[in-house]
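> Read off the chains here:
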Amino acid sequence: MNERDIGAEILKVENISLSFGVMKVLDNISFDIRQGEIRSIIGPNGAGKSSMLNVINGFYHPQQGSITFKGETRKQMAPHVAATHGIARTFQNIALFKGMSTLDNIMTGRNLKMKTNLFWQALHIGPARAEELENREAAERIIDFLGIQAIRKKPVGKLPYGLQKRVELGRALAAEPELLLLDEPMAGMNSEEKEDMCRFVLDVNAEFGTTIALIEHDMGVVMDLSDRVLVLDYGKQLADGEPDEVRNNQAVIDAYLGVPHEHA
Amino acid sequence: MNMLDFLFFVEVTLSGLMAGVMYSLVALGFVLIFKASGIFNFAQGVMALFAALTLVGLMEKFGFPIWLAIIGTIAVMIALAWLIERVMLRQLVNQEPIILFMATIGLAYVLEGMGDILWGSDVKLLDLGIPQGAWEWLYIRGIYIEKLEMFAAGTAAIMVAFLAVFFQKTRIGRALRAVADDHQAALSVGISLHTIWVIVWSVAGIVALVAGIMWGSKSGVQFSLSLIALKALPVLILGGFTSVPGAIIGGMIIGVGEKLAEVYLGPFVGGAIENWFAYMLALAFLLFRPQGLFGEKIIERV
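From first to last, the protein sequence lines stand for chains U and D.
With this note's numbering applied, the first sequence corresponds to residues 27 to 290, in that order.
With this note's numbering applied, the second sequence corresponds to residues 9 to 310, in that order.
Careful, some of the hints might be misleading.
[Said to hold, decoys possible] The calculated lysine-lysine pairs, modelled on DSSO-like cross-linking and capped at a C-alpha distance of 27 Å, are:
| hint | chain 1 | residue 1 | chain 2 | residue 2 |
| --- | --- | --- | --- | --- |
| 1 | D | Lys226 | D | Lys155 |
| 2 | D | Lys177 | U | Lys180 |
| 3 | U | Lys124 | D | Lys155 |
[Claimed, not checked] Take a look, some chain D residues computed to stay more than 12 Å from chain U by CB distance:
| hint | residue |
| --- | --- |
| 4 | Leu15 |
| 5 | Ser23 |
| 6 | Phe48 |
| 7 | Gly121 |
| 8 | Pro275 |
| 9 | Arg297 |
[What the hints assert, rightly or not] Now the stretches of chain D that chain U is said to cover, found in silico as 3 or more residues with beta-carbon under 8 Å:
| hint | segment |
| --- | --- |
| 10 | 173–185 |
| 11 | 193–205 |
These are computed hints drawn from the structure, not numbers from a lab.
Beta carbons are placed, not taken as given, at the ideal position from N, Cα and C, and that holds for glycine.
All chains should be modelled from the sequences, with the hints used to inform the complete structure.
Now the structure itself:
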């Protein structure tokens with residue numbers, strides 16, 4: 027799409043199969059994500075897109091296959107391991123801490139950056155205080171970046187949907203992730219909000235060099251943003267490649283438009 | 009109302025407030041655990057008993073000085089929290105709240121039995137040098153207030169202030185609230201549920217120790233202490249299960265309410281109102297304001 031530094035692969039999943047009981051959700055999926063790229067996962071509803079993200083960040087444990095992140099191969103991820111190694115994410119149905127303010131939500135994203143022990147924390151003095159201030163500054167930088175200064179102190183449960191999505195992105199960014207997973211970051215947004223979100227995704231990628239994997243239904247958005255697109259359908263891998271390739275792939279067209287009936 | 013009557017009214021109200029604070033101390037432990045894990049911890053009352061028993065035991069059987077016994081008991085409560093997480097909570101992740109509630113009933117029996125085996129079942133005197141008797145300054149002005157209850161009120165105030173700062177201003181406090189709000193999202197930012205549970209049960213254990221000390225100093229450390237948990241129930245219903253200030257104010261309302269009801273309504277219905285007044289009040293709240301005074305209104309889609 028444009029000239030950025032796309033490096034070696036940062037994440038590689040191989041032969042991932044996941045089923046719940048008799049339901050096969052993912053069937054032998056293999057793909058990789060390269061350092062610095064924007065990678066999209068598309069597919070009709072129920073294709074297994076969110077399940078794929080859940081496998082990557084360790085919410086789901088696949089029955090088969092392996093996940094290689096930054097050179098380390100595992101049979102499955104654990105959420106805590108994923109977070110400590112630099113994977114952050116947002117959720118399809120916004121999972122913010124609704125009772126907490128925007129600032130506090132973003133501060134939870136700094137959780138792993140803060141190290142002082144319970145003793146100092148409890149007393150709220152000494153190193154804990156300094157650390158709190160330092161991380162607070164980092165959180166404020168993200169608030170500035172996303173242009174949400176006006177809602178810093180507001181409880182997020184009361185914010186409009188589009189802003190909640192933005193706060194959730196902020197919380198993920200606060201962790202300074204190497205790989206950012208976005209599950210339908212623009213779902214339910216109007217075109218103006220979508221444009222804003224697209225700009226943030228591009229800016230995050232360009233300014234911080236963050237690798238991004240996103241699920242999105244809006245084809246215009248996907249084709250514009252992505253370096254490469256993975257297409258899933260009913261848990262199967264339909265296509266994988268650059269936007270143009272995918273757009274012209276017959277199997278993809280069939281899945282999205284339905285297979286034309288042949289005349290008898 | 010003449011002066012004497014008025015003084016009497018003030019005395020009843022004040023002593024109700026102070027008694028209420030003692031309820032609040034127990035309710036506080038419930039709120040902490042409920043907030044962070046959605047578990048109604050039936051064993052909270054027994055935890056207070058167990059903490060008080062351990063404290064007295066360390067002092068009597070091992071001759072620990074007071075300060076060392078307190079530190080020792082805190083260590084025991086933290087170890088207990090760790091054990092509960094390992095043996096109980098970890099095995100029951102993602103279970104229905106009712107299952108976890110039942111597990112805490114089991115925990116209550118285990119703790120009670122352990123307390124009995126370790127420290128014996130006789131009533132023990134707990135003397136930490138907390139001042140006892142009437143507060144003279146008020147007493148000579150015609151109002152009788154227990155010094156111990158004043159002390160308990162002061163301690164509760166300090167504890168609440170401490171918890172408020174801890175919950176609002178620190179990383180771990182934020183993590184606690186995050187876990188309470190959304191487990192998955194908390195996991196995704198790298199918060200470890202296991203650590204949070206150990207911390208919250210430890211804090212509840214320490215709160216239980218404070219409650220145990222106050223109640224133990226007042227009426228001796230005995231097994232009926234675990235029954236104060238029952239009084240905490242109406243406090244929680246009034247204050248809301250998720251609110252720390254709610255636990256405090258709820259306790260005070262119950263305390264004052266039952267004392268006033270006993271004194272002024274008691275004669276008309278034959279007395280002993282104190283025993284059931286709190287539950288009647290709770291029942292009224294359940295009918296008209298089930299989320300309590302400060303609790304979050306939970307609207308569930310069905």
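> Was Arg297/D rightly flagged as not at the interface, with every chain U Cβ beyond 12 Å?
holds (19 Å)
> Okay, the segment 173–185 of chain D and chain U, do three or more residues pass the C-beta test at under 8 Å?
Holds, because 10 residues of the segment 173–185 of chain D bring their Cβ atoms closer than 8 Å to Cβ atoms of chain U.
> Confirm or reject the statement that Leu15/D sits farther than 12 Å, beta carbon to beta carbon, from all of chain U.
holds (42 Å)
> Straight-line Cα separation of Lys226/D and Lys155/D no greater than 27 Å?
holds (10 Å)
> Tell me whether the statement that chain U covers the segment 193–205 of chain D is true, taking a Cβ distance below 8 Å and needing three residues at minimum.
holds (count 8)
> Determine whether the non-interface label on Phe48/D survives the test: each CB of chain U must be over 12 Å from its CB.
Holds, since 19 Å exceeds 12 Å.
> Does Pro275/D clear chain U by more than 12 Å, comparing its Cβ with all Cβ atoms of that chain?
The claim holds: Pro275/D sits with its nearest Cβ about 46 Å from chain U, beyond 12 Å.
> Does Lys124/U pair with Lys155/D here, judged by a C-alpha cut-off of 27 Å?
Roughly 42 Å separates the two Cα atoms, so the pair is violated.
> Beyond 12 Å on every Cβ pair: is that true for Ser23/D relative to chain U?
Ser23/D clear of chain U: closest Cβ-Cβ about 33 Å, beyond 12 Å.
> For the pair supplied as a hint, Lys177/D and Lys180/U, is the alpha-carbon distance within the 27 Å limit?
holds (16 Å)
> Any Cβ of chain U at or closer than 12 Å to Gly121/D, or is the non-interface label fine?
The claim stands: Gly121/D keeps its Cβ more than 12 Å from every Cβ of chain U (closest is about 30 Å).
Violated hint for the displayed structure: number 3, the only one.
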